[in-house]
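Start from the sequences, fold in the hints, and give me the full structure.
If you read the protein sequences in the order shown, they are chains A and B.
Residues 1 to 318 (my numbering) make up the first sequence, in order.
Residues 1 to 593 (my numbering) make up the second sequence, in order.
The list that follows gives simulated cross-link-like pairs (lysine-lysine, DSBU-like), each with its CA atoms no further than 30 Å apart:
1. Lys132/A x Lys403/B
2. Lys185/B x Lys61/A
3. Lys390/B x Lys295/A
4. Lys403/B x Lys383/B
5. Lys57/A x Lys132/A
6. Lys390/B x Lys403/B
7. Lys185/B x Lys252/B
8. Lys132/A x Lys185/B
9. Lys403/B x Lys295/A
10. Lys61/A x Lys132/A
What the hints contain is simulated information worked out from the structure, not anything from laboratory work.
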Amino acid sequence: MTVPMPLIIGVTLAVLLGLATFLTWFERRLLGLWQDRYGPNRVGPGGILQAVADGVKILFKQDWIPPFADRGVFVLAPAIGMMTVLLSFGVVPVTAFWSIAGNLNVGLLFVLAMMGMGVYGVVLAGWASNSKYALLGGMRAAAQMISYEVFMGLSVLGVVMQAGSFSMRDIVLAQSGLWFIVPQVLGCMVFMLAGVAETHRLPFDLPEGENELGAGFHTEYSGMKFGMFFLAEYAGVVLISALLATLYLGGWQGPLLPPPLWFGLKTGALVCLFILLRAALPRPRYDQLMALGWKILLPLSLLNIAATGAILLLHAPG
Amino acid sequence: MIVATPPRPADLRAPDTMFAQVTRASTPAILAIEPTRDAVPTVWIARHDVHDVLARLKQPDTALRMLFDLTVIDERERTHRGNQPASAFTLVYHLLSFADAGDELRVKVPLPADRPHAPTITDLWPNANWYECEAWDLFGIVFDGHPFQRRILTPPTWVGHPLRKDHYARATEMPPYSLTEDQEKREQEALRFDPGQWGMRRHSANTDFMFLNLGPNHPSVHGVFRIVLQLEGERIVDAVPDIGFHHRGAEKMGERQSWHSYIPYTDRVDYLGGVMNNFPYVMAVETLAGIQVPPRAQMIRVMLAELFRIASHLVFYGTMSQDVGQLSPVFYMFTDRERVFEIIEAICGFRMHPAFFRIGGVAMDLPVGWDALIRTFLDHLPKRLDEYEKMVMRNGIFRARTKGVGAYTLREAIEWGVTGPGLRACGLEWDYRRRAPYACYDQLEFDIPTATNGDCYDRVVVHIAEIRQSLRIVRQCVDNMPAGPTKADHPLTIPPPRARTMHDIETLIHHFLNVSWGPVIPPGEARGCIEATKGLNQYHLISDGGTMSYRTRIRTPSFPHLQMIPLISRGAMIADLIAIIGSIDFVMADVDR
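Written out as structure tokens, the structure reads:
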């Protein structure tokens, strides 16, 4: 069964952007539910058209670039942020037959590379804004995202070792017996924390840190450029959830239900978990975040690699 | 049961009080001893002696003495001064001692009308800094040797000293206001921060620190409050709090409102404290007028004040957790606060600013069913507090963000004029409701919660424990509410008693005058002081025998608390500063008045 590539790309893009827009509303409703209030419930059934209303509003806002900003970079930054997230989806297999490049033999490395690029979106935004709050946000983003990239890369190595491949499709197929969350529970936890830090969401939303920095790196952004950051953040949440589902929860595999639904269910549940994290946790301080990364997560992920390697060696045939 | 021992005026003059110390050691320096209505010993000291006298009072071994308040009285238009020494501007120092039981001292210094100046006491008490700036700003008193005397409440471009009697008090006394472009530029320029002015160094010849303008509009400064930060990376080298954006001239308004019609203004000073602000004001007026408030009114007052303490502390709790990034608790706590407001609305008819207290009592009796309403709430809140304990106080990240952050010692707290939960978080079991029980606090049982480290976490701990104690007090009020009138039967109460107005012309005339002009309060000075939500709140009133106050001094707790921010935030990170600001529990209206 082959699906034409342009159709796959088109559908993936449409679903992703739609999902990110939907999430802007869904998160607020969910937070409202957990915080004993309603959230946006006026536009459309249950308020679902709120996302559309927001989109219209944000599109019609004056597209303002502060006179003190570095124009070119200022415009480029949100595009980088959005682009890297969308490109990463290229290698995520929704099912065995439905993916843009799920079989890419360096799939996982590609994702990591794209995330590395994504840092530029935030850092350049903070730099180009030429404002102190944005600069502080950008500085935090650089330190946080680069550090957490290290643990993210190390944490997935266990999966790669077990699956014997960087291809996302092969990784999912390798989980047909047992989901990797069981043998790789340590790696999964580290990956998840690093994922939260990569998407800079509470509790690791220090680059934005509204209580401290106003809006952090995107303080000076308005209109659709701000909208891009906003959507890229939600697309990032979906991406990390999709990656978690793919790498640790067996991807599209599951009994009874059709594979795309399984993939959607797993990803959706993880997105809700991300939102619950935001509802529940306060934000650590910058140095505490760094200490957590380098003093706890780094040794843990190294331990994970060593243990996985040792066990694989012991069970190696011959 | 903890037995409260109310201090009697006689105790104040016992040996080793500050008053005794001053009168014994510096007899030649004393110009006069002023008898006061409020039993706070008051001595007049000449300008050239005052620094010595105050320095002796604050010796290292007796350092548990706080500069509680420092203010000025413009005496130039006052007629009823009694035997007080001649003075155009009187400096008033109010000292408070924690070492002894029930010891306060007011030191007054007469100053001439022409270029009034006095020695600074910033070398004795660091919190004198802002108070002296305020005295310069509002009265034009120069303090010799002050490190940086500047306008603190009015804009730097202001002309004149607003609290002087010859300064206009109303917009109608002025030509219409206009703002030209040049003027606007000048005003903008005046707000520019000049680090050199504050004695801040450059990092080195080629590099400079980053100066970050936090506020006046910033999500975490709880109102309009600016802090200029000198930063090295994210670490705070120095901080300069800039206040005055919320200054509304509450003290000046006091001189233009009748004794009665000023009550609603007080509500808006600590706008989270509601009737808690009426309390010291009406207490001071009642002391001046010699009104005895009936027991039922006393207990209604205490009950409402404690309900407002709960409401205010809930806001503190919620915003504090939000300041360290926790999104949800604030919604739960505001929901609970709404339940407090339901009770307050049922009793007073208003939510945040009920202005329910009256000179001589309260506005009206309690409505039918009030007790059931409160009892439901009393049963409801403790369970919720237990949940919040789990959600906020036992949260690892919250602890990491607040423990050991923004700590000050007991000695520092007293040197900087800290009162209320911030003082008790340093381990001093000291509460004005216990130390000098006003209203009916002597009949109520409650504990004084304390903590030991004086950091952000401990300040939250004390606040939460106080909510529980307030619940206990409210329950006792509900159980023991006495019967009887809710208003004193006294001609100076407002609205005046009218039962007999239709029977004799004398009462009718008094009623008419007191309603139309307001009551004439006998001349004199008195203060009312309470343990408000955020610390000690004191109204110092002077009547010159008129229908309006001659001078209304509002000593608010938040003012000195903010002054302390640089001390406890140096070397911390920006995120720590946010936690510190959150844990101080201030309201900008309470700072700027």
